[in-house]
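Trainee: The task is simple: from the sequences and hints, build the whole structure.
Number of protein chains: 2
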Amino acid sequence: MNKPLAHGSVIGILGGGQLGRMLSVAASRLGYKTHIFEPTSNPPAGDVAFEITTAPYSNEEALERFAKSVDIITYEFENIPTGALDILERVRPIHPNRETLRVSQDRCVEKQFLNKIGLKTAPFADVSSLKELEAAVNDIGAPSILKTRRFGYDGKGQVRLTPESNLAETYEAIGEQLAVLEGFVSFIREVSVIGARNAAGDVACFDPGENVHKDGILDMTTVPAQISAAQRMDAVLLTAKIMNALEYVGVMGVELFVTGAGLIVNEIAPRVHNSGHWTQDGCAVDQFEQHIRAITGWPLGDGSRYCDVRMENLIGQDVGRVKMLAGEKNVALHLYGKAEIKAGRKMGHLNRILAKETG
Amino acid sequence: MNKPLAHGSVIGILGGGQLGRMLSVAASRLGYKTHIFEPTSNPPAGDVAFEITTAPYSNEEALERFAKSVDIITYEFENIPTGALDILERVRPIHPNRETLRVSQDRCVEKQFLNKIGLKTAPFADVSSLKELEAAVNDIGAPSILKTRRFGYDGKGQVRLTPESNLAETYEAIGEQLAVLEGFVSFIREVSVIGARNAAGDVACFDPGENVHKDGILDMTTVPAQISAAQRMDAVLLTAKIMNALEYVGVMGVELFVTGAGLIVNEIAPRVHNSGHWTQDGCAVDQFEQHIRAITGWPLGDGSRYCDVRMENLIGQDVGRVKMLAGEKNVALHLYGKAEIKAGRKMGHLNRILAKETG
Numbered sequence: 001m002n003k004p005l006a007h008g009s010v011i012g013i014l015g016g017g018q019l020g021r022m023l024s025v026a027a028s029r030l031g032y033k034t035h036i037f038e039p040t041s042n043p044p045a046g047d048v049a050f051e052i053t054t055a056p057y058s059n060e061e062a063l064e065r066f067a068k069s070v071d072i073i074t075y076e077f078e079n080i081p082t083g084a085l086d087i088l089e090r091v092r093p094i095h096p097n098r099e100t101l102r103v104s105q106d107r108c109v110e111k112q113f114l115n116k117i118g119l120k121t122a123p124f125a126d127v128s129s130l131k132e133l134e135a136a137v138n139d140i141g142a143p144s145i146l147k148t149r150r151f152g153y154d155g156k157g158q159v160r161l162t163p164e165s166n167l168a169e170t171y172e173a174i175g176e177q178l179a180v181l182e183g184f185v186s187f188i189r190e191v192s193v194i195g196a197r198n199a200a201g202d203v204a205c206f207d208p209g210e211n212v213h214k215d216g217i218l219d220m221t222t223v224p225a226q227i228s229a230a231q232r233m234d235a236v237l238l239t240a241k242i243m244n245a246l247e248y249v250g251v252m253g254v255e256l257f258v259t260g261a262g263l264i265v266n267e268i269a270p271r272v273h274n275s276g277h278w279t280q281d282g283c284a285v286d287q288f289e290q291h292i293r294a295i296t297g298w299p300l301g302d303g304s305r306y307c308d309v310r311m312e313n314l315i316g317q318d319v320g321r322v323k324m325l326a327g328e329k330n331v332a333l334h335l336y337g338k339a340e341i342k343a344g345r346k347m348g349h350l351n352r353i354l355a356k357e358t359g
Numbered sequence: 001m002n003k004p005l006a007h008g009s010v011i012g013i014l015g016g017g018q019l020g021r022m023l024s025v026a027a028s029r030l031g032y033k034t035h036i037f038e039p040t041s042n043p044p045a046g047d048v049a050f051e052i053t054t055a056p057y058s059n060e061e062a063l064e065r066f067a068k069s070v071d072i073i074t075y076e077f078e079n080i081p082t083g084a085l086d087i088l089e090r091v092r093p094i095h096p097n098r099e100t101l102r103v104s105q106d107r108c109v110e111k112q113f114l115n116k117i118g119l120k121t122a123p124f125a126d127v128s129s130l131k132e133l134e135a136a137v138n139d140i141g142a143p144s145i146l147k148t149r150r151f152g153y154d155g156k157g158q159v160r161l162t163p164e165s166n167l168a169e170t171y172e173a174i175g176e177q178l179a180v181l182e183g184f185v186s187f188i189r190e191v192s193v194i195g196a197r198n199a200a201g202d203v204a205c206f207d208p209g210e211n212v213h214k215d216g217i218l219d220m221t222t223v224p225a226q227i228s229a230a231q232r233m234d235a236v237l238l239t240a241k242i243m244n245a246l247e248y249v250g251v252m253g254v255e256l257f258v259t260g261a262g263l264i265v266n267e268i269a270p271r272v273h274n275s276g277h278w279t280q281d282g283c284a285v286d287q288f289e290q291h292i293r294a295i296t297g298w299p300l301g302d303g304s305r306y307c308d309v310r311m312e313n314l315i316g317q318d319v320g321r322v323k324m325l326a327g328e329k330n331v332a333l334h335l336y337g338k339a340e341i342k343a344g345r346k347m348g349h350l351n352r353i354l355a356k357e358t359g
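So the protein lines, in turn, are chains F and V.
Note that the first sequence covers residues 1 to 359 in my numbering.
Note that the second sequence covers residues 1 to 359 in my numbering.
Mixed in with the good hints there might be a few duds.
As the list claims (entries may be wrong) - No farther apart than 27 angstroms at their CA atoms in a straight line, the calculated lysine-lysine pairs in the DSS-like style are these:
id, chain 1, residue 1, chain 2, residue 2
1, V, K3, F, K329
2, F, K3, V, K342
3, F, K156, F, K120
4, V, K3, F, K323
5, V, K3, F, K342
6, V, K241, F, K329
7, F, K3, V, K329
As the list claims (entries may be wrong) - Some chain V residues close to chain F (C-beta under 10 angstroms, calculated; not the full set):
id, residue
8, A27
9, R29
10, P44
11, V48
12, F50
13, A284
14, R293
15, P299
16, G301
17, D302
18, M324
19, E328
20, N330
21, Y336
22, I353
Hints listed in this document are in silico derivations from the structure and should not be mistaken for laboratory results.
For each residue, glycine too, the CB sits at the ideal point set by N, CA and C.
Mentor: Okay, here's the thing in C-alpha cells:
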C-alpha cells in the first residue's frame, strides 16, 4: 500500500468491547470512522463508534450489509466463527489475516506453529479423550494445566492438574472438549511484547511489559520489565519472527515466560492486548493507533517509551475506587462505560506514570 | 456535588467541531456517552459521539428533545444564541454558566468585566457608529484594531488600523456592526493559560503555553513558555481570579500578552482551547478530560506537565504533510476527520514531544 486508506474512510471492527472502544478512539485520531459489529446490545465500543450493527455472527445478511458499509475489516477478539469470516472476506479485506486466526484460535495448532518456526513453548499434548489425557499426564507429568483448545480467555476453560488430581473429574470440569495438556513452566516472570507489522513488512515493537496476574486475569503490567537487554532483544526478535512467518498485518500481543533456560512463548493474541494499555500514556503512538496505522497503510508510529508506567486493571468492584484514584497524582483513568459491575469483569484500567525517562 | 455524575450518563455538547470531538473522546475515558447538537451535517464530533442531533438553534422542539435526552449540557463554542440557551436551561443544567456566556460573547462587556476585577486589558472603546470610531481613534490612536463585538474567531471580524487608514472604509469592512476599537499592545510574547474550576470551587491550571499565530490563526503552542516564575504565577493567579469571579465551572482558555508592564488579558474563551491541545500528550489528564471532570463533579485531575511539547496546527493544505509527519519520532497526530480541505480550516494538529521532564 503506497497511500494510506483515505481520510474519512470507515473501519469495520468485529467485537464491541473495550478493545473495540479504544480502537475507535485511535481511529478517530487518524481521521477514520468506525462501524462496530457486535451481537450484544449497548456495547462499550458503541459509545464512540460512528455506527453499530447489533446482530449475531450467524446473521449472514447483517454481516454482508456490515461488510459493504465499511472499507476494511479488523477485530478485537480472535474467536470469530469461520462461517462469518467466509462471508466478510468475500466483500472486504480482513486484517490480521485468516491464517493467523486459524493458528491462534486453537492452542494446539498455535503451539505446533510456534515450535515449527523454532520457538520454545511449554511441553504440550493434544487431548481428545480421557485415555489421551492419561497418556499425556504420563508423558508431561504434573503439575500441569489442562486447557480447552478453543475459546479460552482470562483463565476460563482451564484447570490445574496436580499429582493428586482425579483425571476423569478434571476432564469433565472442562466439559470434555478438545483440549491440550500443558506442562507447568517454572518461570521467573511473565512479560509480553506488543508488536506491529504493516503490509510493507515494516515491524515495530513496544518495550516489553512485565505482567502480574490475579485469579487468572491480568492485574498489572509494568514497564520497563525487569529483564536484561539481551532478553529484551530476544523478546522483540521472536515477536518479529512470529509476525513475519504469518505475514501478519496489525498489532499482536505475545505473552512470554522468562525462565532460566530462555524465553518460552505462552500464547499469542492477534489483536491489541490488555498488557499493551500502558502505551496510551507512555508513548506518542499507542497500541490502538499502531494497529489502525498497520491495517490502513500508514507508516508505523513512534512507539518509543517516554516514561515508566504501571497499568492497573480495574476488575469488578475495583471500579468503586475510581473517584479516589481520579484525584491521585500521575494517574490517567480509562473507563469502559459498562453498565453492570460483575465479579471478574474488566471495568476499566488506569495508567500510573511512575517516572520520566531522560534522554 | 458530592458524587460524580453516574457512569453511563450522557453529556450533551452544543457544537460538533473538533473540540466537541475531543471532548467526546475524553468523556468516554470517564465512562460517559455524548450527544452532539450541531446544525451542519457530518460534524467531526459525530464520528465519536453516541448520538447526534442535526438541527438549527432555532428549532425549539429539537433543542428540547436534545436537552431531555441528556443529563447535563456543555458547549464547544461561546456564540450560542440566547434563545436556545433559554430553552435548554429550563430542562438541564448548562456549564459553564450563562453569566460567563453573556460576558464572553461580547468583547466590550468582556473587557469591562476584566477591568472591574482589576485585570489589565488593551485600551479599548465601544464603537457603534463612524462618529464613535473617529472619536475612538482620536483617543486610542493608531496602530489599533477594530473588532466586531460579537462572533469573531481565528482573526475573522477584525481589521487593523494604521494612521493612514480611511475610517469610513474600515468601518464598512467589518460590516458596520457593533464594534470595539482596541489599542495596539506591544508585547514580548503571547501566552495562554488553560484553567479549570469545579462546582466545589477547586481550581487547577495547566502550565502556560507560548503561542505563535500565523494569518490570525494559532499556528503553534510551546510548553514551557519562555516566561519567568513570577510571570507564570501571575498568569495562573489571574486565571483563577477570572474563574472565581464568574463562579465558573469547566475549562477556560485565557490569552495573555506578556509586556514590559506586566500581563495584559487579550481574551477569554469559556471552553477548551486550541492552545491547550498539547495537554493531550503532555499530562496524565488533558484539558478535554479536565473539562468533563469539572462539569460532572469529579475531582480535578493531575494536569502537571511531564514533558516539553510543541503543538502545531495543521491548517488547510498542511494536512497533506501528515503521512510524512506520521513517521517522525515523538510526533502524536490528531486529525479531525473533516472531509473538505479549505484554506484556513483547522484539519488537525500534532503534538511534538520535545524533551522529557525530570523529577
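Trainee: All the hints need checking, so say for each whether the structure fits it.
Mentor: Hint check:
no.	hint	result
1	V:K3 / F:K329	20 angstroms, holds
2	F:K3 / V:K342	21 angstroms, holds
3	F:K156 / F:K120	24 angstroms, holds
4	V:K3 / F:K323	9 angstroms, holds
5	V:K3 / F:K342	21 angstroms, holds
6	V:K241 / F:K329	24 angstroms, holds
7	F:K3 / V:K329	20 angstroms, holds
8	A27	8 angstroms, holds
9	R29	5 angstroms, holds
10	P44	9 angstroms, holds
11	V48	4 angstroms, holds
12	F50	5 angstroms, holds
13	A284	4 angstroms, holds
14	R293	7 angstroms, holds
15	P299	4 angstroms, holds
16	G301	6 angstroms, holds
17	D302	5 angstroms, holds
18	M324	8 angstroms, holds
19	E328	7 angstroms, holds
20	N330	5 angstroms, holds
21	Y336	7 angstroms, holds
22	I353	6 angstroms, holds
Of the numbered hints given earlier, the model fails none.
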